[in-house]
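Chain A is already provided as a structure; the job is to place chain B on it using the hints.
Below are the chains, spelled out letter by letter.
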Amino acid sequence: MTDRLGLRQLEPDAGGLEQLRQRIDQRRHRVAGIQAATGLAVMLGLTAVLKLPGSEPLPAWAADQPALRVTQSTPGRVTLVNGRQRTLARTSAMTLVLIDSGSRPQEPATPPT
Amino acid sequence: MIDQAELERLFVSLERSLFNIAARWTWNEAEAQELVQEAFMRVWARRRRLRTDTAKSYVYRTLINLAQKFARRRDTWHRVRSLLPGAAEGPATPDQHFDGEQVRDAIRDLPEAQRTVLLMCEYTDLKQREIAEILKLPPGTVASRRNAALARLRVELRENVGEADRIEERVT
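Which chain is which? The protein sequence lines are A and B, in order. 1 is the number of the first residue of the first sequence in the working numbering; add one for each residue after it. 1 is the number of the first residue of the second sequence in the working numbering; add one for each residue after it.
Worth flagging that the hints you see were computed from the coordinates, not collected in a lab. For each residue, glycine too, the CB sits at the ideal point set by N, CA and C. One should not assume that every hint holds.
What the hints assert, rightly or not - So these bits of chain B aren't anywhere near chain A, every CB distance computed over 12 Å:
#1 Ala22
#2 Arg79
#3 Leu84
#4 Pro111
#5 Ala113
#6 Leu135
#7 Gly140
Stated by the list, open to error - Partner residues are not named here, just some residues of chain A that face chain B (Cβ under 7 Å, in silico):
#8 Arg4
#9 Leu5
#10 Leu7
#11 Leu10
#12 Pro12
#13 Gly16
#14 Leu17
#15 Leu20
#16 Arg23
#17 Ala93
#18 Met94
Bound conformation, chain A alone (with noise of 0.2 Å):
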């Protein structure tokens, strides 16, 4: 069967609902991976940084971790140059980093190569 522009109507593989649902599990999996990252990281007392896109709401569970501070901004692009920092999880959405402020000498911020 053709369309009006000539070209034949396509149908689309079966099981793309399937799919959708998978991946929307893995991705609640990997947030929850971030949240329980967040948790371990605050009661380790450790200094967490939860990078956000500026367009990205705060999730409620990070609202609820004061101790966790939080940037907005694409996630990947920050550089923190007082201090290492280390990304612990990631989802598309957002970034865990762990930043280890003061104990070690500071790293010179160098260039991309």
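Using the frame of chain A, we list chain B on its own:
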């Protein structure tokens, strides 16, 4: 706020339409399916700020943005690849089984703005007024771009008179 059940209902009602639009940007069915999935995941990511009545517009707009970006990236890659020595692996190439090759090429050569409007008009059941809202255009511009796209297709296909006549019959 939309919940998962609403999202799934939206998916079931729009999947075919979105897939056909995406396929006319990617010319590759697997990539088109991926774009549709990604568009819905973006709706899911913004679900707290979307309502049922705005989600439909949002998913159409998102799919078109994704498809346009995909096409631009692929065009860039093809230009770069043509400069490289030897054959290099790259992004997905058009499926070989797409029929209507001349129509395909003519659609692919349309300016992005005309192509977007034409595909929205042909592969959705939306009224021109609704398309105008989604694309943030005056309704008259939707009509004029669609007409311009069809006129351009006719010119592009003028050497293949039969093909052009068939399109004219179907669309007008």
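Going through the hints against the structure:
no.	hint	verdict
1	Ala22	violated, 9 Å
2	Arg79	holds, 25 Å
3	Leu84	holds, 23 Å
4	Pro111	holds, 16 Å
5	Ala113	holds, 17 Å
6	Leu135	holds, 19 Å
7	Gly140	holds, 22 Å
8	Arg4	holds, 4 Å
9	Leu5	holds, 6 Å
10	Leu7	holds, 5 Å
11	Leu10	holds, 5 Å
12	Pro12	holds, 4 Å
13	Gly16	holds, 6 Å
14	Leu17	holds, 6 Å
15	Leu20	holds, 6 Å
16	Arg23	holds, 6 Å
17	Ala93	holds, 6 Å
18	Met94	violated, 10 Å
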